[in-house]
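Asker: The residues making up each chain are set out below.
There are 2 protein chains.
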Amino acid sequence: MGVRLNSQDDLYDAVSEMLYVALLHYPVYNKNGDVVTTAIANMDIHDIARTVKTYEADGFYIVNPIEEQRSLAQEIISHWREGYGAGYNAFRRAAFESIKLEESLRAIIDDIIARTRRKPKTIVTGANFTGNVLTFAELKDFLKNGDGTYLLIFGTGFGISDELINASDFKLEPIKGASGYNHLSVRSAVAIILDRIMSV
Amino acid sequence: MGVRLNSQDDLYDAVSEMLYVALLHYPVYNKNGDVVTTAIANMDIHDIARTVKTYEADGFYIVNPIEEQRSLAQEIISHWREGYGAGYNAFRRAAFESIKLEESLRAIIDDIIARTRRKPKTIVTGANFTGNVLTFAELKDFLKNGDGTYLLIFGTGFGISDELINASDFKLEPIKGASGYNHLSVRSAVAIILDRIMSV
Chain A
1 MGVRLNSQDD LYDAVSEMLY VALLHYPVYN KNGDVVTTAI ANMDIHDIAR TVKTYEADGF
61 YIVNPIEEQR SLAQEIISHW REGYGAGYNA FRRAAFESIK LEESLRAIID DIIARTRRKP
121 KTIVTGANFT GNVLTFAELK DFLKNGDGTY LLIFGTGFGI SDELINASDF KLEPIKGASG
181 YNHLSVRSAV AIILDRIMSV
Chain B
1001 MGVRLNSQDD LYDAVSEMLY VALLHYPVYN KNGDVVTTAI ANMDIHDIAR TVKTYEADGF
1061 YIVNPIEEQR SLAQEIISHW REGYGAGYNA FRRAAFESIK LEESLRAIID DIIARTRRKP
1121 KTIVTGANFT GNVLTFAELK DFLKNGDGTY LLIFGTGFGI SDELINASDF KLEPIKGASG
1181 YNHLSVRSAV AIILDRIMSV
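Protein sequence lines correspond, in order, to chains A and B.
Going by the numbering used here, the first residue of the first sequence is number 1, and it counts up by one from there.
Going by the numbering used here, the first residue of the second sequence is number 1001, and it counts up by one from there.
Rather than coming from a laboratory, the hints here were simulated on the basis of the structure.
Think of the CB as a built atom: it goes at the ideal place given N, C-alpha and C, for glycine as much as any other residue.
You can trust all of the hints, since none of them are fake.
Which stretches of chain B does chain A cover? Using the computed rule of at least three CB atoms under 8 Å from a CB of chain A, they are:
(1) 1048-1058
(2) 1090-1099
(3) 1170-1178
(4) 1189-1195
Partner residues aside, some chain B positions facing chain A, computed with beta carbon under 10 Å:
(5) Ala1041
(6) Tyr1181
(7) Leu1184
Generate the whole structure from the sequences, applying the supplied hints.
Answerer: Have a look at this one:
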């Protein structure tokens, strides 16, 4: 009420909506290198929602093209957001508020444009990227400076399809631990990456 | 063979065994503040083993005083270490190699002393510690300098009992995200903390 805005654009610029997280169940590889749709795992919903809430990312999208999968996930989410779980665990309810289910990456991007009037830059994650990658430090700077709106995409199964990787704006630097081994769960990868790019 | 050691102590000093991770199912609080034993969760075994392997911690102990719980966990671990899972997923097998089941924290400490001839300093973790805490930077320095052997203890349920917290050598600084919200899963907390103290 007290803020005088010159245009609709000023309104949207005043909104701090910067980083969205997506968990992709299609198109991803299976163990044999085929592009498949994976099932939504209950633990992914819980762990990633809690991490997203802790680091104040602006939303957590779950992508699955299969309607039955989205319905099942919606039941779980509603349980914790409005059902018995909401009263049982208020912290879980708060974490679940930011979750949205979508049928495709395209639908997420449209939703972010509707929310922010900005087209997000897409950043894919993976354990084996080499060459021209976006570093954690660079992404942290972009976010700190309010420089753009980003959609950070995590794959399930054996990783995001090459076609989608090649169509994305950025590939994020992989997590390197202390060893050559880098087979973290997607839940752990989301936690480590949000900590690296959003911790204060 | 080629190294000449002056004593048994030199042998153990030459072994790089520095940081062990423990996941505690007793004594921890439930939602009502009672001290209880929680059940071992399959996903905790998988995620934490993979994180421990990625950051090359020296071992992952799972503590549960209930024999049936340890037997069930042992079946899961054997499946991935020697059974069908070992052939199916060699990365999972590698991660599972470092897991040991114990009935108490005391048994872990004895095991570490047997392995290293050093008594580990215990470090408890928790979301709400205040006051005199060990910072991530301090612990990272200890590990980098080879200064001691540490057992980093994570609780399940609603956190480690006060009695055990008070008996430990250190309380680790809590993870602060970007918000006041800090209700991460234990799987995510292990990932973030090992990344903060052991990443290169």
